[in-house]
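Now for the letters of each chain:
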Amino acid sequence: MDTIVAPITPVIRSAVTVLRISGSGCLKALEYLRKQNGKTFQAPEPRIVYHALFNDGRVQDDVIFYYFKSPNSYTGEDVLEISFHGNPLIIKSALGSFLSLGMRFAEPGEFTRRAFINGKIDLSQAEAVEEMISAKSEAGLFYSYNQLKGGLKSQIQSLKNLYVDVLTVVEAYIDFPEEDLSDRELDYIFTKYGLIEIELASLVKSYSVLKSVNDSVYVSIAGRPNVGKSSILNCLLKENRAIVSDIPGTTRDFIDADMTLAGHPVKIVDTAGIRHTEDFVEKAGIERSLERVESSHIVIVVLDLSAELTDEDRLVLEKTKDAKRVIVGNKADLKKYDHPTDICISIKTGENVHEFMSILESFISEEDSQIHEHAIAVNERQKNGFQRMLASLEEIKEMGCDDLDSLSFELRDSLNILSEITGESYTEEILSNIFRSFCIGK
Amino acid sequence: MLVYDKSYDVIVVGAGHAGCEAALAAARMGALTALFTINVDNVAHMSCNPAIGGLAKGNIVKDIDALGGEMGKNIDETGIQFRVLNMKKGPAVRSSRAQADKDLYKLRMQRVIMEQSGLDLKQGMVESLSIENGEINGIIADTGMLYRAKKVVLCTGTFLKGLIHIGDCNYPAGRMNEFASVGMSDSLTKAGFHLERLKTGTPARLDVNTIDFSKLDAQHGDEFAKPFSFETESISLPQLPCYVTYTNEKTHQIIRDNMHRSPLYGGVIKGIGPRYCPSIEDKVKKFPDKTRHQIFLEPEGLTSREYYANGFSSSLPIDVQIAMYRTVEGLENVEFVRPAYAIEYDFIQPTGLYSTLETKLVKGLYFAGQLNGTSGYEEAAAQGLVAGINAALAIGGNEPFIVGREQSYIGVMIDDLVNKGVDEPYRMFTSRAEYRLQLREDNAEYRLTDKGYELGLISKARYERFCLERQAKDDDIARLKSVRITPSVEVLGVLAQYGGVLRNPVSAFELLKRPEYDYSTIEKLCGSSANERVREQVEINAKYEGYIERQENEIEKFRKTESVKIPDNIEYEGIIGLRREYIDKLKTIRPATLGQAARIKGMTPAAVALLHVHISKIKNSGGTDA
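Protein sequence lines correspond, in order, to chains P and L. Every letter in the first sequence is one number past the one before it in this note's numbering, and letter 231, counting from 1, is 231. Every letter in the second sequence is one number past the one before it in this note's numbering, and letter 296, counting from 1, is 296.
In short, the hints are calculated from the structure, not lab data. Please note: incorrect hints may appear among the correct ones.
[Said to hold, decoys possible] Think about it this way: if two alpha-carbon atoms lie no more than 25 Å apart in a straight line, the pair counts; the simulated PhoX-like pairs of lysine-lysine are:
no., chain 1, residue 1, chain 2, residue 2
1, P, 319, P, 267
2, P, 348, P, 335
3, P, 192, L, 88
4, L, 363, L, 587
5, P, 28, L, 557
6, P, 383, L, 557
[To be verified] Examples of chain P residues toward chain L, derived with CB under 7 Å:
no., residue
7, 27
8, 117
9, 180
10, 181
11, 404
12, 405
Backbone N, C-alpha and C define an ideal beta-carbon position, used for all residues, glycine too.
Can you make the complete structure from the sequences, with help from the hints?
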């Protein structure tokens with residue numbers, strides 16, 4: 001079995017985050033760990049807690065680790081667990097470094113699956129594993145390709161097509177040496193390398209964009225004008241010493257504020273009041289507000305308890321009905337109506353504000369761990385693959401038509417990386433392409 | 001019923017390229033064997049082009065030879081032009097190809113078969129199979145005689161309900177002017193097999209006196225003809241060239257004008273033809289922008305007066321054929337000896353077979369060659385060999401012989417066939433293999449000869465020669481790794497001849513890795529006593545070390561999933577969460593290993609993971625499926 005690695009606690013800002021490494025190569029990770037005196041760890045004793053300095057050239061952290069020797073471990077294999085400080089940036093860097101040692105990111109449920117295969121857990125537990133795996137497959141979760149954002153998915157698809165195009169020509173020249181294929185075709189592949197390089201570079205870049213988007217939990221505040229959205233934002237800001245990145249102004253559609261809520265990075269957006277209007281400019285602003293609301297992880301819907309529910313309130317409720325939301329009834333001190341709310345507060349008197357805060361925090365914690373687990377699992381692995389492909393492309397560019405066998409090997413290696421992401425095989429596609437593009441046949 | 005008084009271990013039906021290898025392998029492994037053919041004068045007949053090998057196919061022939069099959073030796077003795085293709089594109093994609101003297105090829109194979117002890121060659125049409133309780137026990141010939149056998153290998157080629165088309169004229173035949181077999185198709189249907197139709201074609205044979213060679217470019221073989229078999233010392237027959245010519249706009253116009261008379265486009269032909277071997281009318285229709293198509297004129301033999309027009313197959317009516325051939329340069333006055341024709345025939349989906357080529361439906365019955373939906377002499381021969389070996393092994397109750405995808409193109413082919421089935425005649429391409437860098441022609445013995453010897457198909461003398469060579473290779477690599485080459489005046493002088501320089505001392509092996517040098521450079525620097533084959537191995541091992549290592553890592557991963565065996569008695573219905581469509585696929589294919597399950601068309605990684613957990617559960621609970 002190859003060696004796999006993954007965080008086994010949520011990757012969020014927290015006291016500690018634990019990485020588990022399982023497989024015969026787990027001790028390779030010691031390369032980045034040093035004793036207090038700077039010396040390396042030779043052979044750690046099983047089940048002893050060691051204090052170490054982690055340094056992979058990018059980040060440093062004081063960590064503790066412990067080693068379990070096969071078969072006496074959770075998975076039944078050699079296992080190393082390293083407990084880092086809970087900072088997602090450190091975890092990402094460490095994961096990247098471990099993957100570059102030849103480890104692989106664990107698939108969902110893989111530690112448990114190995115535990116079962118090695119006889120560490122019993123039948124009933126195994127059935128639970130089966131159900132978990134099947135649930136994931138039903139949801140298309142197993143390979144996260146289908147979860148990719150549309151843009152990234154089509155980028156990967158077009159990259160794959162470029163590789164398939166090039167390989168089609170190379171394979172045609174290999175498999176049909178006696179056919180009347182013109183050399184123009186072979187020249188053509190060299191023109192494609194530049195395109196591949198651009199696509200790959202842009203994918204690596206979009207990985208970092210995705211990463212920064214995923215670093216924060218997006219929370220938007222929605223409601224019709226004058227229900228107290230701004231007071232709620234101000235209250236959150238005051239409570240949490242936030243940095244306001246946009247200066248509020250009358251022409252702005254929304255205000256963004258970065259803050260930390262209970263240790264989680266959060267971006268709060270105060271949207272323009274949502275209401276019916278015929279004014280063209282205002283209408284566009286409201287459209288954008290709605291878009292922001294839709295792309296948020298969590299929505300705070302604000303209703304005014306002192307006034308009757310209006311069509312505009314109903315519009316807001318309708319538009320956010322599928323979102324993860326907290327419906328807040330404000331102005332509880334002036335309450336005249338019973339609206340369908342999750343909590344009634346008064347910013348003015350401070351009534352229930354702390355309770356509201358803790359509901360929001362629990363929502364954010366939940367969301368944050370999901371974002372990070374997913375973002376790292378999918379993207380660290382993909383970025384790794386794209387970087388391997390870029391390195392391979394450098395080799396490919398050096399090769400001429402005299403090394404079609406090595407050229408094809410490198411191209412296939414890259415396509416295999418893409419296939420791992422997309423879950424599609426390409427052999428038949430290349431053959432079909434050859435028969436479609438070239439007149440083959442003696 | 002008449003019953004023949006001799007009872008055979010193995011009966012092989014059909015003496016084409018598959019049947020010959022099957023019968024020889026079984027007999028050589030000690031099985032009492034009979035080989036039936038409709039016409040004993042057509043043993044190992046080359047029904048289509050007079051050539052063996054080509055890309056990937058050459059590798060198959062070398063692999064057949066490394067396992068102790070006959071095809072390589074047969075072409076070496078009867079070949080009249082040898083070439084190694086892709087010489088300049090890297091060793092992993094080189095393949096050998098040879099033109100054969102068709103008649104000599106048949107005669108030699110017939111002689112080898114008749115000289116083989118324990119093998120009876122018999123002329124007769126086999127009409128039906130004798131099956132009892134789901135197990136084969138013999139065949140019934142058209143004479144009404146029952147021949148008993150423990151195992152039967154069916155290699156019927158295009159003979160099952162063969163239907164020849166030339167324009168709107170069509171008639172039943174197995175090959176031109178040979179009887180088709182109707183009884184066997186019906187017998188298979190009765191036994192529960194589902195037959196489907198495929199189509200293939202062959203071009204006209206031309207009278208040598210009516211071709212104007214002075215207008216055409218000759219294509220000669222390699223100066224030093226390289227044999228296929230590792231046992232052949234040298235090629236002895238005189239060598240002949242082929243000639244290249246092209247179709248032109250006039251040819252294409254005639255085809256376009258008469259397209260409506262093609263049975264292919266008129267809907268008369270129902271079978272599916274191969275994309276890689278299209279008829280000329282296909283090429284013209286699908287590639288309207290191409291102004292010419294290449295035609296190779298290949299000699300059919302040293303004494304034959306016929307030429308084979310490679311690339312010019314057609315099912316158009318005879319008058320159109322003659323008119324279009326005569327538009328081609330060099331063929332202005334050509335006379336046909338035999339017309340081009342298309343043929344449709346029955347085949348069975350090979351998903352009905354195990355990797356041993358035994359049918360899942362009838363125990364002891366094996367299928368090989370075009371019957372399994374493949375195309376090509378080499379593909380057929382390889383299947384014949386595997387089926388013959390497995391039939392013989394099964395008699396003694398031995399472990400079956402299964403070739404892996406990482407071991408040979410033969411393994412790639414059979415694995416593709418049994419897991420994916422075919423929707424056109426299956427031909428081998430190197431791009432079908434995942435581990436092409438390993439499946440080279442030069443290392444065929446390294447991949448397969450241990451097995452060939454163990455099976456009793458490789459002689460002791462050959463095996464000892466190979467083992468010595470293998471040792472010599474390892475020794476020489478070790479030697480070159482230990483020899484330091486320093487940048488002395490002499491060394492720099494030698495390297496300069498190859499346009500190279502050296503700054504710091506390196507091992508001779510490292511030096512050999514550099515593209516500008518070859519083994520002869522190294523020999524000048526530090527000598528060598530290795531023979532030609534060992535030198536080649538050492539050089540390839542040096543130049544490809546990095547790639548070979550990477551590929552071996554991939555193969556290691558592949559072997560891990562292959563090593564997870566699926567128990568015979570597994571109940572797929574009992575797997576929680578496994579969807580019906582996957583259960584159905586698994587029940588149809590009955591994969592032997594987890595790796596094979598993963599390669600079934602349409603399986604998902606998640607379904608395979610479920611299966612894996614289930615298998616482990618069975619093992620942990622003591623081997624029985626609850």
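Hints versus structure:
In summary, the hint linking residue 319 of chain P to residue 267 of chain P is supported, as the alpha carbons are separated by about 21 Å, within the 25 Å threshold. About 13 Å separates the Cα atoms of residue 348 of chain P and residue 335 of chain P, which keeps this hinted pair within 25 Å; it holds. Only pairs whose Cα atoms come within 25 Å are accepted, and residue 192 of chain P paired with residue 88 of chain L is accepted, the gap being roughly 23 Å. Restraint check for residue 363 of chain L and residue 587 of chain L: the C-alpha separation of about 17 Å stays at or below 25 Å, so the hint holds.
About 20 Å separates the Cα atoms of residue 28 of chain P and residue 557 of chain L, which keeps this hinted pair within 25 Å; it holds. With a C-alpha separation of about 22 Å, the suggested pair residue 383 of chain P and residue 557 of chain L falls inside the 25 Å cut-off, and the hint holds. Violation of the interface hint for residue 27 of chain P is found here, the shortest Cβ-Cβ separation to chain L being roughly 20 Å, above the 7 Å cut-off. Restraint check, residue 117 of chain P versus chain L: the minimum CB separation of about 4 Å is within 7 Å; hint holds.
The interface hint given for residue 180 of chain P is met, as the beta carbon of that residue sits about 4 Å from the closest beta carbon of chain L, less than 7 Å. Interface hint at residue 181 of chain P: violated, since its Cβ lies 10 Å from the closest Cβ of chain L, which is beyond the 7 Å cut-off. For residue 404 of chain P, the interface hint holds, the least distance from its beta-carbon to any beta-carbon of chain L being 4 Å, beneath 7 Å. Because the beta carbon of residue 405 of chain P sits about 3 Å from the nearest beta carbon in chain L, less than 7 Å, this interface hint is met.
Checked against the numbered hints given earlier, the structure breaks hints 7, 10 and satisfies all the rest.
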